[in-house]
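Just so you know, my numbering puts 206 at position 225 of the sequence shown, and the rest follows in order with no gaps.
Quick caveat, the hints were computed from the structure, so don't treat them as lab data. Only a predicted model underlies this, so the values are computations on that prediction, with no experimental measurement involved. Glycine included, every Cβ here is placed at the ideal spot set by N, Cα and C. Keep in mind that the hints are not guaranteed to be accurate.
Unchecked claim - Straight-line alpha carbon distances no greater than 30 Å define the calculated DSSO-like cross-link-like pairs of lysine-lysine that follow: (1) K56 <-> K109; (2) K195 <-> K266; (3) K74 <-> K89; (4) K89 <-> K107; (5) K6 <-> K(-8).
Said to hold, decoys possible - Pairwise CB distance ranges (calculated): (6) N204 <-> I60: 36 to 44 Å; (7) K89 <-> D157: 18 to 26 Å; (8) N21 <-> N110: 29 to 37 Å; (9) K89 <-> R245: 36 to 44 Å; (10) I(-9) <-> I60: 50 to 58 Å; (11) K65 <-> G38: 40 to 48 Å.
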Amino acid sequence: MKQNEAEQVIKILTEALPYIQKFSKKICIVKYGGAAMTDNNLKNSFARDIALMKQVGINVVVVHGGGPQIDEQLKKVGIERNFKDGIRVTDTKTIEIVADTLTNLVNKEIVSLINHNGGNAIGVAKDKNDVIKVQKYTSNDKDYGYVGEIIDVDSNYLYDLMTSNYIPVIAPLGFDENDDIFNINADSAASAIASHMSAEKLIFLTNQAGVLDKEEELISSLNAKEIESLIKSDVITGGMLPKISACLNALNNSTKTAHIVDGRIQHSVLLEIFTNEGIGTLVRK
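Full structure from sequences and hints, please.
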């Protein structure tokens, strides 16, 4: 190794060390979605990041989406995707396909990727009917079918997994009091799990650099008042709104910080939490 390369490695390790010490044994919830789930290089980069976080003592939990994979499986059986107010309307046939796709395709692939890259991941999906409890989601008397909102999380079960050196990989599925299975918005699921577990960090991987200003430049940090102003002035719009809402909900319920990070960049999770400047948008109360 050349001297300048060695110096760069030393600089990176020296910068990372205080953060490794600070976040050791702390809980970090990572919402995995977007381009990071579809590009093979990004998939492996993400899996290595998660495995490394666990190796340095961070209790990391992955919560994943799976919209494109669900759409593909619905198309194969001739069911049209149906969204109302941005929410997937989920009837009896659809929930079966959603649950099977998230459990047997998406969740298993993520677990396998993390394990292949040196981690010790374990899936939490439709076969774990006592981990995530939900109630049926309704809004303005609209019925979305088998769509749920989280009312309870078996944090002790997840703590036990983490203390046994596992990395829980959670599908956005839950069960109601009648043991019926429901689909959950993955951003909302990650936020609720972070809240129930008093997480140190909640990280969302997205398909943009983070929260952008009017000039399309990255905003490196935001608080609740600044967010309110940006929403009123139509700077934060569209698909970023539910992510910002999920961040604020978590921060109002005992999560320390939230981050919105560009999942299109390799090792973006490590760059966000182990460097001084970070790479995305840090959200505080």
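Hints and how they fare:
1. K56 <-> K109: This hinted pair holds, its Cα atoms lying about 27 Å apart.
2. K195 <-> K266: 22 Å, holds
3. K74 <-> K89: At roughly 22 Å apart (the allowed maximum being 30 Å), K89 and K74 satisfy the hint.
4. K89 <-> K107: Measuring from Cα to Cα gives roughly 12 Å; hence the hint holds.
5. K6 <-> K(-8): Measuring from Cα to Cα gives roughly 24 Å; hence the hint holds.
6. N204 <-> I60: 36 to 44 Å: 43 Å, holds
7. K89 <-> D157: 18 to 26 Å: Distance hint for K89, D157 holds at roughly 25 Å.
8. N21 <-> N110: 29 to 37 Å: 32 Å, holds
9. K89 <-> R245: 36 to 44 Å: Hint violated: Cβ distance 24 Å, outside 36 to 44 Å.
10. I(-9) <-> I60: 50 to 58 Å: 55 Å, holds
11. K65 <-> G38: 40 to 48 Å: Distance hint for K65, G38 holds at roughly 43 Å.
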